[in-house]
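*Asks:* In case it helps, the working numbering puts the sequence shown at residues 16 to 261.
Rather than coming from a laboratory, the hints here were simulated on the basis of the structure.
Just so you know, not all the hints are guaranteed correct.
[As the list claims (entries may be wrong)] Ranges between beta-carbon positions, derived for each pair: (1) Ala43 <-> Ala247: 38 to 44 Å; (2) Gly191 <-> Gly71: 43 to 49 Å; (3) Lys140 <-> Glu226: 43 to 49 Å; (4) Asp153 <-> Glu19: 37 to 43 Å; (5) Ala176 <-> Glu244: 20 to 26 Å; (6) Glu197 <-> Lys54: 42 to 48 Å; (7) Ala250 <-> Lys205: 36 to 42 Å; (8) Glu47 <-> Lys205: 16 to 22 Å; (9) Ala247 <-> Glu26: 28 to 34 Å; (10) Ser241 <-> Lys205: 31 to 37 Å; (11) Lys100 <-> Ile192: 19 to 25 Å.
[Stated by the list, open to error] The list that follows gives simulated cross-link-like pairs (lysine-lysine, PhoX-like), each with its CA atoms no further than 25 Å apart: (12) Lys113 <-> Lys198; (13) Lys123 <-> Lys70; (14) Lys126 <-> Lys22; (15) Lys22 <-> Lys205; (16) Lys198 <-> Lys109; (17) Lys169 <-> Lys113; (18) Lys22 <-> Lys140; (19) Lys249 <-> Lys109; (20) Lys198 <-> Lys100; (21) Lys205 <-> Lys77; (22) Lys22 <-> Lys54; (23) Lys54 <-> Lys70; (24) Lys140 <-> Lys100; (25) Lys70 <-> Lys254; (26) Lys77 <-> Lys254; (27) Lys249 <-> Lys140; (28) Lys113 <-> Lys22; (29) Lys70 <-> Lys126; (30) Lys54 <-> Lys140; (31) Lys113 <-> Lys254; (32) Lys123 <-> Lys165; (33) Lys249 <-> Lys113; (34) Lys77 <-> Lys113; (35) Lys203 <-> Lys77; (36) Lys100 <-> Lys54; (37) Lys169 <-> Lys22; (38) Lys126 <-> Lys205; (39) Lys165 <-> Lys126; (40) Lys140 <-> Lys113.
C-beta: ideal position from N, C-alpha, C; glycine also.
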Amino acid sequence: MDTETLKTTFERDGFILLPGFLTIEQIAEIRERLDHFIKNQSAVLPPEHIKYEVKGDASTLKMLQDLHAYDPFFADVLFNSTFTKLAEELLEEKVIGKTVEYFNKPPKVGKGTPPHQDGYYFMLKPMSAVTMWMALEDVDAENGWVSYVKGSHKLGMRHHAYTNTLGFSQGIPDFGIPADTEKEVFFKTKPGDLLVHHALTIHRASPNTSEDRTRKAMGLIYFGASAAEDVAAKAAYVKALNQTGP
Numbered sequence: 016m017d018t019e020t021l022k023t024t025f026e027r028d029g030f031i032l033l034p035g036f037l038t039i040e041q042i043a044e045i046r047e048r049l050d051h052f053i054k055n056q057s058a059v060l061p062p063e064h065i066k067y068e069v070k071g072d073a074s075t076l077k078m079l080q081d082l083h084a085y086d087p088f089f090a091d092v093l094f095n096s097t098f099t100k101l102a103e104e105l106l107e108e109k110v111i112g113k114t115v116e117y118f119n120k121p122p123k124v125g126k127g128t129p130p131h132q133d134g135y136y137f138m139l140k141p142m143s144a145v146t147m148w149m150a151l152e153d154v155d156a157e158n159g160w161v162s163y164v165k166g167s168h169k170l171g172m173r174h175h176a177y178t179n180t181l182g183f184s185q186g187i188p189d190f191g192i193p194a195d196t197e198k199e200v201f202f203k204t205k206p207g208d209l210l211v212h213h214a215l216t217i218h219r220a221s222p223n224t225s226e227d228r229t230r231k232a233m234g235l236i237y238f239g240a241s242a243a244e245d246v247a248a249k250a251a252y253v254k255a256l257n258q259t260g261p
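The whole structure should be built from the sequences, with the hints applied where relevant.
*Replies:* Written out as structure tokens, the structure is:
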């Protein structure tokens with residue numbers, strides 16, 4: 016899609032899909048860099064930047080946060096890339112790259128991501144922010160596909176409550192009303208496909224119910240330069256995010 020069509024679709028639906036945003040070669044490089052990072056740096060990361068579905072089981076790695084703070088390769092991805100340019104086009108202003116993250120749902124134990132709005136965590140005024148989700152392998156209903164509620168970014172902030180889900184501490188407890196389910200769109204994605212959503216778009220991801228398939232993805236977050244962050248509220252969120260629960 017051309018830039019104007021992208022912006023029109025994004026403003027209407029609250030999300031866009033860009034198939035093949037990165038090439039297979041680019042995805043292979045990212046995966047190689049991630050494998051190297053996990054092998055050589057995961058042991059020294061602070062607990063708030065690395066999470067496992069099963070505590071103490073390295074095979075159940077769920078999330079790595081702030082990769083850009085540890086590896087210049089991922090800093091370039093966040094601050095000086097086609098992702099940065101796309102964020103500026105969609106938000107129609109300069110942007111501030113906030114983080115690069117790695118997500119996985121290990122087979123059989125990868126839990127679903129509860130329905131939520133990223134803006135609840137971001138604590139911004141105005142709510143000028145986008146989240147990008149890049150598939151690093153085939154993703155479908157079996158291993159944890161992503162879904163969005165079309166147009167939900169226009170309806171304001173929904174009530175959120177504690178979910179007891181590691182890494183996603185807050186969710187929408189009344190999700191599932193007809194206004195949600197009738198407009199929910201699920202995405203089957205291939206390596207290199209990019210999903211981008213507005214900070215107020217309601218979204219979730221299914222659990223990984225497969226026997227032997229992982230569900231690896233990379234996430235990026237950008238704030239518009241006009242967005243002011245409520246530092247105290249954000250600190251409270253970060254504390255809640257990193258609760259391990261029982």
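*Asks:* If a hint holds in the structure, say so; if it doesn't, say that too.
*Replies:* Taking the hints in turn, this is what the structure says about them:
With their beta carbons about 42 Å apart, Ala43 and Ala247 fall inside the hinted range of 38 to 44 Å. Take Gly191 and Gly71: their Cβ atoms lie about 34 Å apart, and the range 43 to 49 Å is violated. At about 46 Å, the beta-carbon gap between Lys140 and Glu226 stays in the expected band of 43 to 49 Å. Between Asp153 and Glu19 the beta carbon distance is about 31 Å. The supplied range of 37 to 43 Å is therefore violated.
In this structure the hint that Ala176 and Glu244 lie 20 to 26 Å apart at CB holds, the actual value being about 22 Å. About 45 Å separates the C-beta atoms of Glu197 and Lys54, a value consistent with the hinted range of 42 to 48 Å. Under the hint 36 to 42 Å, the C-beta atoms of Ala250 and Lys205, about 38 Å apart, fit the expected range. For the pair Glu47 and Lys205, the supplied restraint of 16 to 22 Å holds, since their beta-carbon distance comes to about 18 Å.
Checked against the given bound of 28 to 34 Å, the beta carbons of Ala247 and Glu26, roughly 31 Å apart, stay inside it. Here the CB-CB span from Ser241 to Lys205 is close to 34 Å, well matched to the stated 31 to 37 Å. At about 37 Å, the beta-carbon gap between Lys100 and Ile192 misses the expected band of 19 to 25 Å. The straight-line distance between the Cα atoms of Lys113 and Lys198 is roughly 29 Å, outside the 25 Å bound, and the hint therefore fails.
The hinted pair formed by Lys123 and Lys70 meets the criterion: a straight-line CA distance of about 15 Å does not exceed 25 Å. Straight-line distance between C-alpha atoms of Lys126 and Lys22 comes to about 32 Å, which puts the hinted pair past the 25 Å bound. At most 25 Å may separate the alpha-carbon atoms for a hinted pair to count; Lys22 and Lys205 meet this at roughly 23 Å. As the CA atoms of Lys198 and Lys109 are separated by approximately 31 Å, the hinted pair breaks the 25 Å bound.
Restraint check: the Cα-Cα separation between Lys169 and Lys113 comes to about 23 Å, which is no more than 25 Å; the hinted pair holds. Of the pairs offered as hints, the one joining Lys22 and Lys140 holds, with about 21 Å between alpha carbons and a cut-off of 25 Å not exceeded. Distance restraint check for Lys249 and Lys109: the Cα-Cα separation of roughly 22 Å lies within the 25 Å cut-off, and the hinted pair is therefore satisfied. For a cut-off of 25 Å, the pair hint linking Lys198 to Lys100 is broken: about 29 Å separates their Cα positions.
Distance hint between Lys205 and Lys77 is fulfilled; the C-alpha atoms sit about 20 Å from each other, no more than 25 Å. Using a Cα cut-off of 25 Å, the hinted pair Lys22 and Lys54 is violated, with the two alpha carbons roughly 39 Å apart. Restraint check: the Cα-Cα separation between Lys54 and Lys70 comes to about 17 Å, which is no more than 25 Å; the hinted pair holds. Proximity of Lys140 to Lys100 is assessed by CA-CA distance (about 22 Å); at most 25 Å being required, the pair is judged to hold.
With a C-alpha separation of about 19 Å, the suggested pairing of Lys70 with Lys254 holds against the 25 Å cut-off. For the proposed pair Lys77 and Lys254, the alpha carbon gap of about 18 Å is at most 25 Å, so the pair holds. At roughly 12 Å between alpha-carbon atoms, Lys249 and Lys140 fall within 25 Å of each other, so this suggested pair holds. This hinted pair checks out: Lys113 and Lys22 have alpha carbons roughly 22 Å apart, not beyond 25 Å.
This hinted pair checks out: Lys70 and Lys126 have alpha carbons roughly 14 Å apart, not beyond 25 Å. A C-alpha spacing of about 39 Å is found between Lys54 and Lys140, which places the hinted pair above 25 Å, so the restraint is violated. Using a Cα cut-off of 25 Å, the hinted pair Lys113 and Lys254 holds, with the two alpha carbons roughly 17 Å apart. In summary, the hint linking Lys123 to Lys165 is not supported, as the alpha carbons are separated by about 29 Å, beyond the 25 Å threshold.
Note on Lys249 and Lys113: the hinted pairing holds, with a Cα-Cα distance of about 13 Å set against a maximum of 25 Å. Taking the CA atoms of Lys77 and Lys113, the gap is about 20 Å. The hint holds against a cut of 25 Å. The hinted pair formed by Lys203 and Lys77 meets the criterion: a straight-line CA distance of about 20 Å does not exceed 25 Å. For the proposed pair Lys100 and Lys54, the alpha carbon gap of about 31 Å is over 25 Å, so the pair is violated.
For a cut-off of 25 Å, the pair hint linking Lys169 to Lys22 stands: about 15 Å separates their Cα positions. For the given pair, Lys126 sits about 20 Å from Lys205 by alpha-carbon distance, which is consistent with the 25 Å threshold. At roughly 23 Å between alpha-carbon atoms, Lys165 and Lys126 fall within 25 Å of each other, so this suggested pair holds. With a C-alpha separation of about 16 Å, the suggested pairing of Lys140 with Lys113 holds against the 25 Å cut-off.
In this structure, the earlier hints numbered 2, 4, 11, 12, 14, 16, 20, 22, 30, 32 and 36 are contradicted, and the remaining ones agree with it.
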